[in-house]
Amino acid sequence: MRKIRTAVLISGRGSNMAALATAAKSEHYPANISLVISNNPNAGGLAKAGDLGVTSMTIDHNQFSSRRKFEMALDAALSQAGIELVCCAGFMRVLTPWFVDRWKNRLLNIHPSLLPKYKGLNTHQRAIDAGDKEHGCTVHYVTAELDGGAAVLQYTLDIKKSDTADSLAQRLLPHEQKLYVKALKKVATELLSLS
Numbered sequence: 035m036r037k038i039r040t041a042v043l044i045s046g047r048g049s050n051m052a053a054l055a056t057a058a059k060s061e062h063y064p065a066n067i068s069l070v071i072s073n074n075p076n077a078g079g080l081a082k083a084g085d086l087g088v089t090s091m092t093i094d095h096n097q098f099s100s101r102r103k104f105e106m107a108l109d110a111a112l113s114q115a116g117i118e119l120v121c122c123a124g125f126m127r128v129l130t131p132w133f134v135d136r137w138k139n140r141l142l143n144i145h146p147s148l149l150p151k152y153k154g155l156n157t158h159q160r161a162i163d164a165g166d167k168e169h170g171c172t173v174h175y176v177t178a179e180l181d182g183g184a185a186v187l188q189y190t191l192d193i194k195k196s197d198t199a200d201s202l203a204q205r206l207l208p209h210e211q212k213l214y215v216k217a218l219k220k221v222a223t224e225l226l227s228l229s
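Position 62 of the sequence shown, counted from 1, bears residue number 96 in this note's numbering, the numbering being contiguous throughout.
Keep in mind that the hints were calculated from the coordinates and are not lab data. It is possible that some hints are incorrect.
As the list claims (entries may be wrong) - Quick list of in silico lysine-lysine cross-link-like pairs, DSBU-like style, CA-CA up to 30 Å: (1) LYS216 to LYS194; (2) LYS59 to LYS103; (3) LYS216 to LYS59; (4) LYS153 to LYS167; (5) LYS153 to LYS219; (6) LYS220 to LYS151; (7) LYS82 to LYS212; (8) LYS82 to LYS153; (9) LYS194 to LYS167; (10) LYS59 to LYS138; (11) LYS219 to LYS151; (12) LYS216 to LYS167; (13) LYS220 to LYS153; (14) LYS138 to LYS151.
Go ahead and model the full structure; you've got the sequences and the hints to work with.
This is how it looks when you write it as structure tokens:
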């Protein structure tokens, strides 16, 4: 069975990446995690990728004189590896329109809110401060507008009266991982049907 060659971009501990890579080991899963790239040489996710047998590399954004040069190096590494689909998973760089256009409809992100609510950072605290009853996460296509692309899938979680930003984040994380696995499966299946 052909699988969609997928890369995961990370900046930190790589928990969502590990969930995707683990799911992709199943012979019936339509994507293969072929490459993990971190912009942070100290990202914990690099060791996790190694443990899962996934090729990983660092492209440190601090080594480049401009965002464009960093993204050109990123794009070259993805193209060289024959990547067809890219998943951002805790990747803490805002991508420019140039990069987003090159990977149009092949670039996914997971965001810890029910988009279009709470784009950007501190989503858990913002949901609590607003008195929301529900919170959640969204896997969406990346566009030039921050957290503005079409949603692939969402998961909704009730906010408890006792929740803090930390407890909400911890309760949401396992659902984020499951949602990303489902969303990647959906998008990869659609890409396979087109190829």
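Verification of the supplied hints:
no. : hint             : verdict
1   : LYS216 to LYS194 : 26 Å, holds
2   : LYS59 to LYS103  : 33 Å, violated
3   : LYS216 to LYS59  : 14 Å, holds
4   : LYS153 to LYS167 : 18 Å, holds
5   : LYS153 to LYS219 : 24 Å, holds
6   : LYS220 to LYS151 : 23 Å, holds
7   : LYS82 to LYS212  : 18 Å, holds
8   : LYS82 to LYS153  : 28 Å, holds
9   : LYS194 to LYS167 : 8 Å, holds
10  : LYS59 to LYS138  : 26 Å, holds
11  : LYS219 to LYS151 : 25 Å, holds
12  : LYS216 to LYS167 : 25 Å, holds
13  : LYS220 to LYS153 : 23 Å, holds
14  : LYS138 to LYS151 : 23 Å, holds
Hint compliance for this structure: hint 2 is the single one not met.
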